[in-house]
Amino acid sequence: MVTIGRDQCAYCGGCVSMCPSGALELAETRLLIDQEQCSQCELCLSGCPTGALTLETEPPQTATVDRQCDVVVVGAGPAGTTAARSAADRGHKVLLLEKRQEIGSPVRCAEGINREMLLTFLQLDECWISARVRRSEIVTADTGEVRSFAGEETGYILERRVFDRALAEKAVGAGTSILLKTAVQGLITKNGVVRGVRATDGHTEWEIEARIVIGADGVESRVGHWAGLDCTLRPSDSLVCAQYLLAGLDVDPECCLYYVGSDLAPGGYAWVFPKGEHRANVGLGVQADLAQASAMEYLERFIDQHPELERGSPVTLVAGSVPVGIARGSIVTDGLMLVGDAARQADPLTGGGTANAMLAGRLAAEVAAKAVEEGDASAGALKEYERRWQEGRGRQMQRNYRLKERFAAAGRASHAFQRVFAVATAGE
Amino acid sequence: MGEAPEADVFSVVKAIIIEQLGVPEDKVAPAAHFKEDLEADSLDLVELIMAFEEYFEEKFGRTVEISDEEAQDITTVGQAVAYIEKRITEEGLA
Numbered sequence: 001m002v003t004i005g006r007d008q009c010a011y012c013g014g015c016v017s018m019c020p021s022g023a024l025e026l027a028e029t030r031l032l033i034d035q036e037q038c039s040q041c042e043l044c045l046s047g048c049p050t051g052a053l054t055l056e057t058e059p060p061q062t063a064t065v066d067r068q069c070d071v072v073v074v075g076a077g078p079a080g081t082t083a084a085r086s087a088a089d090r091g092h093k094v095l096l097l098e099k100r101q102e103i104g105s106p107v108r109c110a111e112g113i114n115r116e117m118l119l120t121f122l123q124l125d126e127c128w129i130s131a132r133v134r135r136s137e138i139v140t141a142d143t144g145e146v147r148s149f150a151g152e153e154t155g156y157i158l159e160r161r162v163f164d165r166a167l168a169e170k171a172v173g174a175g176t177s178i179l180l181k182t183a184v185q186g187l188i189t190k191n192g193v194v195r196g197v198r199a200t201d202g203h204t205e206w207e208i209e210a211r212i213v214i215g216a217d218g219v220e221s222r223v224g225h226w227a228g229l230d231c232t233l234r235p236s237d238s239l240v241c242a243q244y245l246l247a248g249l250d251v252d253p254e255c256c257l258y259y260v261g262s263d264l265a266p267g268g269y270a271w272v273f274p275k276g277e278h279r280a281n282v283g284l285g286v287q288a289d290l291a292q293a294s295a296m297e298y299l300e301r302f303i304d305q306h307p308e309l310e311r312g313s314p315v316t317l318v319a320g321s322v323p324v325g326i327a328r329g330s331i332v333t334d335g336l337m338l339v340g341d342a343a344r345q346a347d348p349l350t351g352g353g354t355a356n357a358m359l360a361g362r363l364a365a366e367v368a369a370k371a372v373e374e375g376d377a378s379a380g381a382l383k384e385y386e387r388r389w390q391e392g393r394g395r396q397m398q399r400n401y402r403l404k405e406r407f408a409a410a411g412r413a414s415h416a417f418q419r420v421f422a423v424a425t426a427g428e
Numbered sequence: 429m430g431e432a433p434e435a436d437v438f439s440v441v442k443a444i445i446i447e448q449l450g451v452p453e454d455k456v457a458p459a460a461h462f463k464e465d466l467e468a469d470s471l472d473l474v475e476l477i478m479a480f481e482e483y484f485e486e487k488f489g490r491t492v493e494i495s496d497e498e499a500q501d502i503t504t505v506g507q508a509v510a511y512i513e514k515r516i517t518e519e520g521l522a
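In the order they appear, the protein sequences are chains A and B.
The numbers in our numbering rise by one with no breaks, and the one at position 419 of the first sequence is 419.
Going from the second sequence to our numbering is simple: count from 1 and add 428.
Treat the hints with care, as some may be off.
[To be verified] The list that follows gives simulated cross-link-like pairs (lysine to any residue, SDA-like), each with its CA atoms no further than 25 Å apart: (1) B:Lys-463 / A:Val-423; (2) B:Lys-514 / A:Arg-419; (3) B:Lys-455 / B:Gly-506; (4) B:Lys-463 / A:Arg-388; (5) A:Lys-383 / B:Lys-463; (6) B:Lys-455 / A:Thr-57.
Bear in mind the hints are in silico, worked out from the structure with no lab data behind them.
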């Protein structure tokens, strides 16, 4: 019997094209096999580039490989790649693990970023900028009121697929090694201290020993949970989002549009972020505990009510959850730090998280480097990262959380909330 | 007799600033500039303005709105105190 190794399969469809009996089918992110149709001809095995297909009679080919490094980073989003780059820049041996087969994909982001913050990390490169933002408009659906802002270039709409890869390449340039399609399955601990991770790529089980583990594994972080850190998001701190990239519509390529309204997007907002003259990220987020329907339904309704958007056609659809709370407990423990969405560092008012993630990644790497150099990776030593975050950008996020709580639920149609939201989004 | 009204408003404003901006007490002088000396950003200022509005609500039971234009002219601690005192007089709350 032919079996599929789920971890190895790259969903390429090579096997499907070679199967003479039509037993294989490529679903969106899954290869399916109909054992009744399968003639056991094994032709598909030769068509598989990743060795994912095997005959069940063969023993599973797994080997355990030990590896050592100074810093292992879990997750290759902006937080992870920035942390890896900064730690490698300081001469340390860094290993970056990404569970997907492609860095930067799928994009789960509205892609807006503040200019000033971005420029503290890297020089602008046209290949990952899809729009330059000079204006914004905030529309309050309940009252029809519109607030407009115009001025200097305040931010960009990124092309995250390209941007994330550029960040990964910078990390590699600094000396980082990357393992793709390698999923972390647990932590290695010695006497209660985190000393590495266990990971697999389907063929190999990795036992990766590290002085420091940096968990950059996103909103769905498991690393923090495994380390015993309280990472559970309350429904009121979760913005559930759906977004289309719409093409074939006319948008002002320099203007970001925001729509707030208690029926339109309870506890959240809708956005139209230009990605050029005829394409835009059109999305909507709702607070999980306030939504009466799915984010998708709210988004469809929003588009239906805006003929200028309805003219467009979807090119991609993404869905995801954005943490809009702040970490309830510590984000470090002995031998481990959390960064980015895993550490709940996105902006509670806007959900914007890319620049914050990069900032936290850099801070964590600086503290990790020091910990490696001084041979002290205890929670006490790593707390310096948490302290520096909380005294800097973290203080602003605490403030934004206070503001978000103040306008929870119904207050979002108020004039006062518009004022807050306007200032919060002006930089994005 | 109680304290002079100016001293009262100043201490209220000072307490709000210390709580929200997390700055040490000795930095909150009348001449202190919100952005330059107290490192407040635009959202800090919005939050401060809302706290001042709440002060009117709590102290006098009166809704007093501070417009964006007026808020823009408040850049120092002393200006905030002067503005609030002016509104107290204008609203007949003194």
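Hints, one by one, checked against the model:
1. A distance of roughly 15 Å separates the Cα atoms of Lys-463 of chain B and Val-423 of chain A; the hinted pair therefore holds under the 25 Å criterion.
2. With a C-alpha separation of about 23 Å, the suggested pairing of Lys-514 of chain B with Arg-419 of chain A holds against the 25 Å cut-off.
3. For the hint linking Lys-455 of chain B to Gly-506 of chain B, the alpha-carbon distance of about 13 Å falls within 25 Å, and the restraint holds.
4. Between Lys-463 of chain B and Arg-388 of chain A the CA atoms are separated by roughly 20 Å; this keeps the pair inside 25 Å, and the hint holds.
5. Among the hinted pairs, Lys-383 of chain A with Lys-463 of chain B is inconsistent with the structure: their alpha-carbon atoms are about 28 Å apart, more than 25 Å.
6. For the hint linking Lys-455 of chain B to Thr-57 of chain A, the alpha-carbon distance of about 76 Å lies beyond 25 Å, and the restraint is violated.
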